[in-house]
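Colleague: These protein sequence lines map, in sequence, to chains C and Y. The first sequence lines up with residues 1 to 109 when you count with my numbering. The second sequence lines up with residues 1 to 114 when you count with my numbering.
Any given hint could turn out to be false.
Unchecked claim - DSS-like mimics (lysine-lysine), calculated; alpha carbons at most 30 angstroms apart, straight line:
no. : chain 1 : residue 1 : chain 2 : residue 2
1   : Y       : K67       : Y       : K9
2   : Y       : K71       : C       : K96
3   : C       : K69       : C       : K3
4   : Y       : K9        : Y       : K36
5   : C       : K96       : C       : K3
6   : Y       : K9        : Y       : K22
7   : Y       : K40       : C       : K3
8   : Y       : K67       : C       : K52
9   : C       : K96       : Y       : K36
10  : C       : K96       : Y       : K9
11  : C       : K52       : Y       : K9
12  : Y       : K19       : Y       : K40
13  : Y       : K19       : C       : K52
14  : Y       : K52       : Y       : K71
15  : Y       : K9        : Y       : K71
16  : Y       : K22       : Y       : K44
17  : Y       : K67       : Y       : K22
18  : C       : K52       : Y       : K52
19  : Y       : K22       : C       : K52
20  : Y       : K19       : C       : K3
Everything labelled a hint here was simulated from the structure, so no lab data went into it.
Spelled out from the first residue to the last, the chains are:
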Amino acid sequence: DAKTTQPTSMDCAEGRAANLPCNHSTISGNEYVYWYRQIHSQGPQYIIHGLKNNETNEMASLIITEDRKSSTLILPHATLRDTAVYYCIARTSYGKLTFGQGTILTVHP
Amino acid sequence: DTAVSQTPKYLVTQMGNDKSIKCEQNLGHDTMYWYKQDSKKFLKIMFSYNNKELIINETVPNRFSPKSPDKAHLNLHINSLELGDSAVYFCASSQVFWGTGELFFGEGSRLTVL
């Protein structure tokens with residue numbers, strides 16, 4: 001699975017959009033980009049995933065660049081409950097899910 | 001109803017003891033996993049079972065023995081516990097292993113070895 005690189009930490013004001021970047025320059029054509037988050041030592045929670053096209057669900061949007069070398073997770077209106085560690089993972093449909101260090105997102109009042 | 005449940009949530013024990021952590025999922029999934037999160041917060045996969053069959057064993061010491069009596073359960077037994085086994089252990093499940101479906105995680109079992 002391709003290695004992903006994320007900033008160690010980010011801050012965001014409550015109510016604003018949180019944009020979390022992820023670099024995956026060595027991603028292969030059959031690897032999906034997945035995002036999970038972990039809120040304070042709870043079990044990780046799936047957010048969204050995509051292959052080439054941008055994706056949106058009730059939690060977030062995923063923007064993948066045309067060359068697929070990077071992506072951005074967007075939480076449109078961050079709340080205090082969105083404070084968590086966010087993991088960006090590149091994975092094939094038959095591969096295991098391998099977590100990196102992730103980005104610690106802190107949402108401030 | 002909790003989708004993936006683990007017991008116990010907390011476990012404190014002495015070095016050298018044997019302990020088990022149980023996991024059950026009520027999602028009807030075929031695949032279950034054990035992950036370990038150490039003190040540095042790295043989440044690493046340990047095992048995966050698909051339809052009760054072991055498909056991933058990530059060079060985990062053989063003191064760790066997973067057992068899957070049926071598709072809904074994956075238990076983790078640890079023999080001769082060592083200090084380095086202290087961690088949070090997460091169970092997870094997915095509909096199938098080969099696919100793009102999400103993993104559902106339990107709340108974790110925090111093991112402390114004294």
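Colleague: Can you give the numbers of the hints that this structure goes against, from lowest to highest?
Modeller: 8, 11, 13, 18, 19, 20
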